[in-house]
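A.B. asks: All chains, full assembly: derive it from the sequences and hints.
Residue numbers (the numbering used here), protein chains in the order written: chain A, 1 to 409; chain V, 1001 to 1409.
Don't take each hint at face value.
What the hints assert, rightly or not - Straight-line alpha carbon distances no greater than 30 Å define the calculated DSS-like cross-link-like pairs of lysine-lysine that follow:
1. Lys30(A) <-> Lys1056(V)
2. Lys20(A) <-> Lys1221(V)
3. Lys86(A) <-> Lys1317(V)
4. Lys56(A) <-> Lys1030(V)
5. Lys20(A) <-> Lys1318(V)
6. Lys1020(V) <-> Lys56(A)
7. Lys313(A) <-> Lys1020(V)
8. Lys1030(V) <-> Lys129(A)
9. Lys1086(V) <-> Lys313(A)
10. Lys1086(V) <-> Lys314(A)
11. Lys110(A) <-> Lys1020(V)
12. Lys1340(V) <-> Lys129(A)
13. Lys56(A) <-> Lys1028(V)
14. Lys1221(V) <-> Lys1314(V)
15. Lys318(A) <-> Lys1129(V)
16. Lys1261(V) <-> Lys1340(V)
17. Lys86(A) <-> Lys1340(V)
18. Lys317(A) <-> Lys1020(V)
19. Lys1028(V) <-> Lys86(A)
20. Lys1313(V) <-> Lys86(A)
21. Lys56(A) <-> Lys1129(V)
22. Lys1020(V) <-> Lys318(A)
23. Lys110(A) <-> Lys1328(V)
24. Lys1314(V) <-> Lys20(A)
25. Lys20(A) <-> Lys1333(V)
26. Lys1318(V) <-> Lys1261(V)
27. Lys86(A) <-> Lys1110(V)
28. Lys1028(V) <-> Lys20(A)
29. Lys317(A) <-> Lys1129(V)
30. Lys110(A) <-> Lys1123(V)
31. Lys317(A) <-> Lys1086(V)
32. Lys86(A) <-> Lys1328(V)
33. Lys1030(V) <-> Lys1086(V)
34. Lys318(A) <-> Lys1261(V)
35. Lys1129(V) <-> Lys129(A)
36. Lys129(A) <-> Lys1318(V)
37. Lys1056(V) <-> Lys28(A)
Derived by calculation from the structure, the hints in this document are not laboratory data. All values reported here derive from a predicted model rather than from experimental measurement.
Read off the chains here:
2 protein chains.
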Amino acid sequence: MALIVQKFGGTSMGSIERIKQVAGRVIKEKLTGNDVVVVVSAMSGETNRLLDLAVKMGGRQDNMETDLIISSGEQISSGLLSLALKNEGYDAVPLLGHQVRIATDESYGKARISSIDSENIYKMLKNGKIVVIAGFQGIDSNGFITTLGRGGSDTTAVAVAAAINADRCDIYTDVDGVYTADPNIVPEAHRLDVVYFDEMIEMSSLGAKVLQIRSVEFAMKYGVNLFVKSTFAEGKGTQIKFLGDDKNMEELQVSSVACDKDEAKISIRGIPDKPGIAAKIFSRISDANIVVDMIIQNISVEGHTDLTFTVSKKDLKKALEITGGLAKELDAKEVISDDKIAKISVIGVGMRNHYGTASIMFDVLAKENINIMMISTSEIKISCVIDAKYAELAARILHDAFNLGKLNG
Amino acid sequence: MALIVQKFGGTSMGSIERIKQVAGRVIKEKLTGNDVVVVVSAMSGETNRLLDLAVKMGGRQDNMETDLIISSGEQISSGLLSLALKNEGYDAVPLLGHQVRIATDESYGKARISSIDSENIYKMLKNGKIVVIAGFQGIDSNGFITTLGRGGSDTTAVAVAAAINADRCDIYTDVDGVYTADPNIVPEAHRLDVVYFDEMIEMSSLGAKVLQIRSVEFAMKYGVNLFVKSTFAEGKGTQIKFLGDDKNMEELQVSSVACDKDEAKISIRGIPDKPGIAAKIFSRISDANIVVDMIIQNISVEGHTDLTFTVSKKDLKKALEITGGLAKELDAKEVISDDKIAKISVIGVGMRNHYGTASIMFDVLAKENINIMMISTSEIKISCVIDAKYAELAARILHDAFNLGKLNG
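C.D. replies: Here it is in C-alpha cells:
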C-alpha cells in the first residue's frame, strides 16, 4: 500500500461535471489500495473573480484581506470534491490550510511555507478517509489566512507530499505532461517522458506554466517523486527526476523552449556611478516583496551608468513607484519602462556538455532580424529578452533549430 | 466611550458601492468616539449561489461540506468591508468564526453557539482597530466550520454583543425598523418605535424576517440592548426591549400581523392509537434536526387517530421520508402532505389583558370564507394555518380589524 498525493488544477475543477471526473480519478487511485491525499485549486476563473472584487475595493495583492477573499475559492472546491467522493460512497474529509496547519510567513499574496503538521492528515487517513486539502492557502503566526502565489496549489501538494512522506505526488492538469514548448505556439511541440529537476526549475521560472517553480524546488529539496499527468486523458505523463538517476543517458543539448510574456522592463538612466547604488536599489525593491529577474548594468560613461532590470508585469506599477522615488534620491536622469517584451529561453541539462548553444540561439534570432535587448544565462539555460511581437516566431525557429520537433517521433 | 456592535445584512453588503456605504455607517459610529465591532452577512445572493453549487454536487443542508462551502460568502464580505475601512484611513481587521472562536455544536446548517472567546476581539479593539467579523459561521470541537442557519449573522451579532458586553447592538437592514405587517402585503403597515422581546420572538418565529429568532432569544437571555435600523436611511429604528421597562404603557391588544409561507403540512392518517406513538414520531423527526412547528392530533376513532404537523418547506422531503418509514412501522393508513399553506398570526403582549382576540380573528377570517386548517395559540399570539392563496388577503383584513393602520399616524 502506497501513500499518494494528487493535485488537481483549476481547469480540472472547472465545473460540477469536471469535479465528478476528478472524483473518478481519485477513486481509481484509492481502489488500487493506496491511501490518497488530494490537493485542489479553485474552480477555473474563481480566483480571478475574487481578486477582481478585492481590487475593486482597493485591495492589493499583498493585503491580508485579499488573501482572505481569494482563498475562499479553494475552500469551496475542497468542499465540492469531498461531496463528490461521498456521493460515490467513499469517506472523505475537506481540510483547510489552518486545519492542516500549513504554517507560513506573513508575505500575503506570496507566502512561504515554514512547516506542515502531518498529524491531522495521518489521523484522517488512519480512519480510512480520503483527505481533500484546499490548496494555495496557509496560515500565519497570527492565525490569518495567507496565499502562496499563483500556482500555489502545486506547492501545497508537494509540501504536503514531503511532510507526509508520500510515495508519489501526481500533479494533474489539462495537458498530459511537460512539453518541449507551448503547443499553442509551436505545433511540433511534444511531451517529454522525463524532465530533470534543474530543467523544470528553469522552465517554471521561464514561463512554462505547468508547475509553480517553488513546488519544483520543494520537490527537489525533499526528493518528492513528482509526476505531471492529465486529468482528462490516460497516459504516463512526465516524470520530474534527479539528473543523477540517469547518468548514462545521452543528453540532449536543449530539451525545451520557453516563452514568458509576463515580464516588464525598467531602466534607470544616468545614475551617478557610486559603490553600493545597485545594492540600495534592489534591496528597496526586494523589501516590497518584488522579485527582480534579469539585471543589466551598463559600463559607466562619464561617471554615470544605466541600470535595466525586469519584474513581473503585476509588480510593474509598484516597482516604478519605488524606482521613481529612488531616482530622485540618487539624482538619476530618468526612469523608463517597457511592458511589451518577451523572454525567450532554451533549456537543457545537456547544454553543460555542448558548446555553442548560445551562438546557435543568437544566430537564429539574428537571421530573423530579432533584436536581443537583454541576455541571461545559467549552466542549463539561455534567455533573451526580445520585442513581444516576435515571441511566437522566436519560439518556433528555436524549437526547430535545436531539433526538438524530431524527438520521440 | 461606548462599545457598539453593528450588523449588516446581505442587501446592505450587496455590491462594492453598498459596502462602501456600510463603511460610511461604521466610520460615523467610530467618529463618535465609540469602539465598533461589525458583523457582516454574505453579499446578497451569494449564499444561495454557493448553496446551489453544494446541492448540485449532492450536498444537503446538514453536510459539513455544505457549511464549508456556504460560509465562504461571509469570509469574502468581511475582507471587503475591512478593505473599504482601510481605504478610508481606518485600521480594521477581518476575523473569521474560528479566529473569534465562536464555538458551536456539530449541527451543520443550524449549529448553536456554545461559547465565544472575547479575548481576541478585545485585543484588536485595544489596538484601535475596527473589528469586522464574518457572521453566520462558527467552528465545532473538531475544527470544522459550521453555520448558524438562515439569518445566522443576526445571532452572531447578538452573541458577540453579549460576549463582549457591548452597550448596544444595532442590526442594520434594508428596512428602517420592525413593522406592524409586511408593507409589501399590507400597504398601511408602519414602523413600530418599540417592540417587546416576547413579541419579537413570536414575530420572528411567525415569518417576520427582520431578525432570526435565535438572535432575539439570545438578546433577551443576555439583556442585549437591541435596535433594528436602516443602512440606507437615517432614523431611530425600532428598539427591542423588555416589557418590564414599560409597565405603565397602555398596551395594544395586537401590535402586528405576520404571515409565513415557508411551512408545509404533513398528516399521518389512520395510526393505531397506542401510548407513546406521538413521542416516537417526533423524536425520530427531531433526531434528524427537523423542527416541528404546529401539531394537531385528532380524537381517536375506532382505535385509530390522525396526526398533523407542520415543518419548514426545506425540511419537507426529509420529514416525508422519515414519516413514510414510520407509517409502515406503525401500520398507519397513509401519509399526505400539503405545501400550499400559509400561517397567519396576530401578535401582541396586550393580548394578555384583552379578551376575545381569538374570536375577532376567527370572525374576520370566516367573513371572507377563509377556512382555518390548524390553530395554535400562546399568551401573546394566535396563529392560523390557511390556504396559501388567501395569505395576503388575511394579513390585510386582520391588520385592519385590529386597527394597526391607525397607529402612529
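A.B. asks: Decide, hint by hint, whether the structure agrees.
C.D. replies: Tested hints:
Restraint check: the Cα-Cα separation between Lys30(A) and Lys1056(V) comes to about 24 Å, which is no more than 30 Å; the hinted pair holds. The hinted pair formed by Lys20(A) and Lys1221(V) fails the criterion: a straight-line CA distance of about 46 Å is larger than 30 Å. The suggested pairing of Lys86(A) with Lys1317(V) holds, with an alpha-carbon distance near 20 Å, which does not exceed 30 Å. With a C-alpha separation of about 24 Å, the suggested pair Lys56(A) and Lys1030(V) falls inside the 30 Å cut-off, and the hint holds.
The straight-line distance between the Cα atoms of Lys20(A) and Lys1318(V) is roughly 25 Å, inside the 30 Å bound, and the hint therefore holds. With a C-alpha separation of about 11 Å, the suggested pairing of Lys1020(V) with Lys56(A) holds against the 30 Å cut-off. About 29 Å separates the Cα atoms of Lys313(A) and Lys1020(V), which keeps this hinted pair within 30 Å; it holds. With a C-alpha separation of about 48 Å, the suggested pairing of Lys1030(V) with Lys129(A) is violated against the 30 Å cut-off.
Among the hinted pairs, Lys1086(V) with Lys313(A) is consistent with the structure: their alpha-carbon atoms are about 25 Å apart, no more than 30 Å. Distance hint between Lys1086(V) and Lys314(A) is fulfilled; the C-alpha atoms sit about 22 Å from each other, no more than 30 Å. Our distance criterion of 30 Å between C-alpha atoms is met by Lys110(A) and Lys1020(V), whose separation comes to about 27 Å. With a CA separation close to 42 Å, the supplied pair Lys1340(V) and Lys129(A) exceeds the 30 Å bound.
A hinted pair counts as satisfied when its Cα atoms are at most 30 Å apart, and Lys56(A) with Lys1028(V) qualifies at roughly 23 Å. Our distance criterion of 30 Å between C-alpha atoms is met by Lys1221(V) and Lys1314(V), whose separation comes to about 28 Å. For the hint pairing Lys318(A) with Lys1129(V), the CA-to-CA distance comes to about 27 Å; that is within 30 Å, so the pair holds. Taking the CA atoms of Lys1261(V) and Lys1340(V), the gap is near 8 Å; set against the 30 Å cutoff, the hint holds.
This hinted pair does not check out: Lys86(A) and Lys1340(V) have alpha carbons roughly 34 Å apart, beyond 30 Å. With a CA separation close to 25 Å, the supplied pair Lys317(A) and Lys1020(V) stays within the 30 Å bound. Straight-line distance between C-alpha atoms of Lys1028(V) and Lys86(A) comes to about 48 Å, which puts the hinted pair past the 30 Å bound. For the hint pairing Lys1313(V) with Lys86(A), the CA-to-CA distance comes to about 25 Å; that is within 30 Å, so the pair holds.
Taking the CA atoms of Lys56(A) and Lys1129(V), the gap is near 22 Å; set against the 30 Å cutoff, the hint holds. Of the pairs offered as hints, the one joining Lys1020(V) and Lys318(A) holds, with about 25 Å between alpha carbons and a cut-off of 30 Å not exceeded. Restraint check for Lys110(A) and Lys1328(V): the C-alpha separation of about 60 Å exceeds 30 Å, so the hint is violated. Taking the CA atoms of Lys1314(V) and Lys20(A), the gap is near 26 Å; set against the 30 Å cutoff, the hint holds.
Among the hinted pairs, Lys20(A) with Lys1333(V) is inconsistent with the structure: their alpha-carbon atoms are about 41 Å apart, more than 30 Å. About 19 Å separates the Cα atoms of Lys1318(V) and Lys1261(V), which keeps this hinted pair within 30 Å; it holds. Between the alpha carbons of Lys86(A) and Lys1110(V) the distance comes to roughly 21 Å, so the proposed pair stays at or under 30 Å and holds. Between Lys1028(V) and Lys20(A), the direct Cα distance comes to roughly 49 Å. Violation of the 30 Å bound is thereby established for this hinted pair.
Restraint check: the Cα-Cα separation between Lys317(A) and Lys1129(V) comes to about 29 Å, which is no more than 30 Å; the hinted pair holds. Proximity of Lys110(A) to Lys1123(V) is assessed by CA-CA distance (about 27 Å); at most 30 Å being required, the pair is judged to hold. The hinted pair formed by Lys317(A) and Lys1086(V) meets the criterion: a straight-line CA distance of about 20 Å does not exceed 30 Å. Proposed proximity of Lys86(A) and Lys1328(V) is supported: the alpha carbons are some 29 Å apart, at most 30 Å.
Taken as a hint, the Lys1030(V) and Lys1086(V) pair is honoured in the structure, with Cα atoms around 13 Å apart against an allowance of 30 Å. Our distance criterion of 30 Å between C-alpha atoms is broken by Lys318(A) and Lys1261(V), whose separation comes to about 55 Å. For a cut-off of 30 Å, the pair hint linking Lys1129(V) to Lys129(A) is broken: about 41 Å separates their Cα positions. Taking the CA atoms of Lys129(A) and Lys1318(V), the gap is about 26 Å. The hint holds against a cut of 30 Å.
In summary, the hint linking Lys1056(V) to Lys28(A) is supported, as the alpha carbons are separated by about 23 Å, within the 30 Å threshold.
Checked against the numbered hints listed earlier, the structure breaks hints 2, 8, 12, 17, 19, 23, 25, 28, 34 and 35; every other hint is satisfied.
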